[in-house]
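Peer 1: Listed here are the chains, written in short residue letters.
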Amino acid sequence: MNCTACIASLHDYVDGALSADDSRAFDAHIITCADCRSQLESLQALRQRTRELPRELAPARDLWAGIATQIVPATVASDHECDQREPERDPIIAAPEFRARRSRTPVLHWFLPLAVAASVAIVARYAERMLPLRSSLPGWSVAAVEGAPRVDEIAVRQEGLLRVGQWLVTDDSSRAKVTVGSIGNVNVEPNSRLRLVGVAATDHRLELARGTMSAFIYAPPRLFFVNTPSATAVTSHSRTAIASRSSAPA
Amino acid sequence: MTYVDRVAAPFDFVVSERLDEESHEVRRAQARDMRAFECLYRRHVGRVHAICLRMTANVTRAEELTQKAFLTVWEKLPLFRGESAFTSWLHRVAVNTVLADLRAETRRTRRVFGTEDPAVYETAPTRAPSVGVRLDLEQAIAELPPQARAVFVLHDVEGWQHDEIARELGVASGTSKAQLHRARKLLQEALQ
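In order, the protein sequence lines correspond to chains W and L.
Letter by letter, the first sequence follows residues 0 to 249 in numbering that gives the first Met the number 0.
Letter by letter, the second sequence follows residues 0 to 191 in numbering that gives the first Met the number 0.
Source of the hints: derived by calculation from the structure; they are not laboratory data.
Mixed in with the good hints, there may be bad ones.
From the derived model, a few chain W residues whose C-beta atoms are all more than 12 Å from chain L [as the list claims (entries may be wrong)]:
| hint | residue |
| --- | --- |
| 1 | Asp20 |
| 2 | Phe25 |
| 3 | Cys32 |
| 4 | Arg36 |
| 5 | Trp139 |
| 6 | Glu145 |
| 7 | Arg192 |
| 8 | Val198 |
| 9 | Ala199 |
| 10 | Ala232 |
Computed footprint of chain L on chain W, listed as stretches where at least three residues anywhere in the stretch have a Cβ under 8 Å from a Cβ of chain L [as the list claims (entries may be wrong)]:
| hint | stretch |
| --- | --- |
| 11 | 47-57 |
| 12 | 60-69 |
Covered by chain W, per the in silico footprint, the following chain L stretches (three or more residues, Cβ under 8 Å) [what the hints assert, rightly or not]:
| hint | stretch |
| --- | --- |
| 13 | 38-48 |
| 14 | 52-63 |
| 15 | 66-79 |
| 16 | 88-100 |
From the three backbone atoms N, C-alpha and C, an ideal C-beta is built for every residue, glycine too.
Make a model of the complete structure from these sequences and hints.
Peer 2: Right, dumping it as structure tokens:
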């Protein structure tokens, strides 16, 4: 093999695409030719560096909220196309399908009170099963300051979302920062357990079941509340810092 | 018990447990359980975003395509029959999402420039974000011409074969090879 043929075969050799005979000829040439050997080593070094690239590159921001907002309307729409199907055994899909079908059932006047009662029973029965769909609920962004805080058992790598009803838990090596809508932020210290209770315009409310948090709120008084097992802290000035600690069991 | 047994058994156990958990989440997501789907998203967003970012070399587009890929996965999940691993299927959806976008952009560019000269499509991409010690290689990949970059990422990073790449890109297998060699040559020059 000469240099021209060797260089032409370089990539196939590195990719293992040469025949056994061609590989032997390539090896024989490389031993004797420093220029071709140098090119081979350069290509092999590139292949090695490429193999060492990380398989994962997390986005700089949490993209889930944008996905969730587009999924929810589609889910509702598909529920209305399920008239002819029996409710699934899976409670999470069964609940909306069942409700959608029932809402279009013709109702006779004399049957109205009974239908209302049945609707109430259905709603009560499936309300608890609907809870897993709370990913459509509003929430506040949460950022990992240190370690890997978890929102409902899911680790927050950089940024995530804390929705109404969800628990933010920090262990002894993690801390988190929660953005309280547009009125401030909350620092959550290690070994804390914090739940988002409500995000109404006039009632931004957290529950601190365990641990320590501090809040910096820039808003009129009585917009931000923190429930603890023994008391409720509330902002009293337009710029308030709250520090709460709870040692109650989670 | 041999050394290999002692080392391999716990690893296999962890992998098996994770696959069980994932297949459970896939089934729940197929039943339109958004929380299960969010778990799948959290688990795989890094891989999907890596594919999108490396193939587009554009942070904004990569984020948009990552979201689009997961929306496609949500739509198509009921059709997923588990004939391949969920991860493989997901990565395939991600790649197809990026390739469809690249094809659309090529059509847009062709309309604007009114030329068949491929050089006009090879505009300088937006730089990828800093990735520490890998910065120079990541940046060099980001600065490759679009088609060479796509072939390089699919072949050398994602491990696809030339016939697969050629099929997805709608080119001959030899073209895929030529683009790969071109990409490697440009990278070698950039990294010298």
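Peer 1: Broken hints, numbered, in rising order?
Peer 2: Hint 16 is the one this structure does not satisfy, whereas the remaining hints hold.
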